[in-house]
Amino acid sequence: NAGVTQTPKFRVLKTGQSMTLLCAQDMNHEYMYWYRQDPGMGLRLIHYSVGEGTTAKGEVPDGYNVSRLKKQNFLLGLESAAPSQTSVYFCASSYNRKGDTEAFFGQGTRLTVV
Amino acid sequence: EDQVTQSPEALRLQEGESSSLNCSYTVSGLRGLFWYRQDPGKGPEFLFTLYSAGEEKEKERLKATLTKKESFLHITAPKPEDSATYLCAVYGGSQGNLIFGKGTKLSVKP
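Line by line, the protein sequences are chains A and B.
Residue numbering for the first sequence follows this note's numbering, starting at 4 and increasing by one per position.
Residue numbering for the second sequence follows this note's numbering, starting at 4 and increasing by one per position.
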């Protein structure tokens with residue numbers, strides 16, 4: 004059982020470069036999320052999706068874009084990377100948001116912007 | 004403002020020394036409170052879900068409880084393999100998303 008898979012696991016970018024992080028889930032979940040985790044800040048929601056073809060902004064969306072063209076995939080894009088986007092990024096998915104089901108997380112992508 | 008606060012930030016225990024971690028929350032329309040465990044370099048791993056005040060759940064040496072304003076994660080006779088960061092999260096608020104606390108880093112020494 005793969006669960007939630009993130010690629011790549013590590014990446015170093017130069018300021019101004021662009022990249023896309025891929026998240027894939029095999030649990031047929033409707034809801035998918037992108038978080039970033041910084042020391043002392045906890046997990047903060049960047050964007051989320053409540054179904055194929057939908058996206059919505061979370062707590063810290065600036066500088067990021069997302070797409071959910073297929074139900075199983077959720078892409079996070081950085082158009083022009085900045086050092087402030089150095090972080091560990093986690094993708095998660097859940098069956099619903101009614102509180103009776105947990106979110107499953109990927110292993111994370113460690114991104115460094117120099 | 005919806006908020007989740009965990010204390011302490013870090014906790015050092017000797018093997019076998021029981022203790023508790025706290026998670027206090029202020030959120031409109033709580034739908035559920037979650038505890039996760041996170042090991043270094045890995046994603047959070049689900050432990051428990053609690054829905055209503057008075058509810059308790061147990062798993063091995065861990066027991067989670069919930070009141071109207073806070074949750075406790077009790078660790079009984081911990082072992083070094085219990086060392087991890089424990090995250091508390093709640094579903095609720097205006098957007099109905101999962102809101103995380105900053106976590107408690109637990110270290111258990113043999």
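Just so you know, the hints here were simulated from the structure itself, not pulled from any lab data.
All residues carry an ideal CB built from backbone N, CA and C; glycine is no exception.
Be aware that one or more of the hints could be misleading.
[Stated by the list, open to error] Okay, the calculated beta carbon distance ranges per label pair:
id	chain 1	residue 1	chain 2	residue 2	range
1	B	K45	A	V15	39 to 49 Å
2	A	L25	B	E48	27 to 37 Å
3	A	G80	B	K82	35 to 45 Å
4	B	F49	A	V53	35 to 45 Å
5	A	Y98	B	K60	18 to 28 Å
6	B	S21	A	Q20	46 to 56 Å
7	A	G80	B	G19	41 to 51 Å
8	A	K60	B	E20	12 to 22 Å
9	B	S21	A	A85	20 to 30 Å
10	B	S10	A	R47	26 to 36 Å
11	A	G80	B	E48	21 to 31 Å
12	B	E4	A	S87	34 to 44 Å
13	A	T23	B	E63	21 to 31 Å
Assessment of proposed distance window 21 to 31 Å (beta carbons of A:T23, B:E63) = Between A:T23 and B:E63, where Cβ atoms are some 40 Å apart, the hint is violated.
request  = With respect to the beta-carbon atoms only, verify the hint that A:Y98 and B:K60 lie 18 to 28 Å apart.
outcome  = With Cβ atoms ~19 Å apart, the hint holds.
ask   = Using the C-beta atoms of B:S10 and A:R47, is the stated range 26 to 36 Å upheld?
value = 19 Å, violated
task = Take the C-beta atom of A:L25 and the C-beta atom of B:E48, compute their distance, and say whether it sits inside 27 to 37 Å.
result = Given about 21 Å between the Cβ atoms, the range is violated.
task = Kindly confirm whether 41 to 51 Å is satisfied by the beta carbon distance between A:G80 and B:G19.
result = Since A:G80 and B:G19 have Cβ atoms about 49 Å apart, the given range 41 to 51 Å holds.
request  = Go ahead and decide if the range 34 to 44 Å is satisfied by the Cβ distance of B:E4 to A:S87.
outcome  = Once the Cβ atoms are compared, 23 Å apart, the range 34 to 44 Å for A:S87 and B:E4 is violated.
ask   = Per the hint of 39 to 49 Å, is the separation of the Cβ atoms of B:K45 and A:V15 within bounds?
value = 21 Å, violated
ask   = Quick one: are B:S21 and A:A85 within 20 to 30 Å, going by C-beta?
value = Since the Cβ atoms of B:S21 and A:A85 sit about 45 Å apart, the hinted range of 20 to 30 Å is violated.
query = Is it true that the C-beta distance of A:G80 to B:K82 lies inside 35 to 45 Å, as the hint says?
reply = Cβ of A:G80 to Cβ of B:K82: about 42 Å, so the range 35 to 45 Å holds.
ask   = Is the distance from the Cβ of A:G80 to the Cβ of B:E48 consistent with 21 to 31 Å?
value = Holds - the Cβ-Cβ distance for A:G80 and B:E48, about 27 Å, lies within 21 to 31 Å.
task = Confirm or reject the claim that B:S21 and A:Q20 have a C-beta distance inside 46 to 56 Å.
result = 50 Å, holds
inquiry  = If I claimed the Cβ atoms of A:K60 and B:E20 lie 12 to 22 Å apart, would that claim hold in this structure?
reply    = 44 Å, violated
The structure does not agree with the numbered hints 1, 2, 4, 8, 9, 10, 12 and 13 stated previously, though it agrees with the rest.
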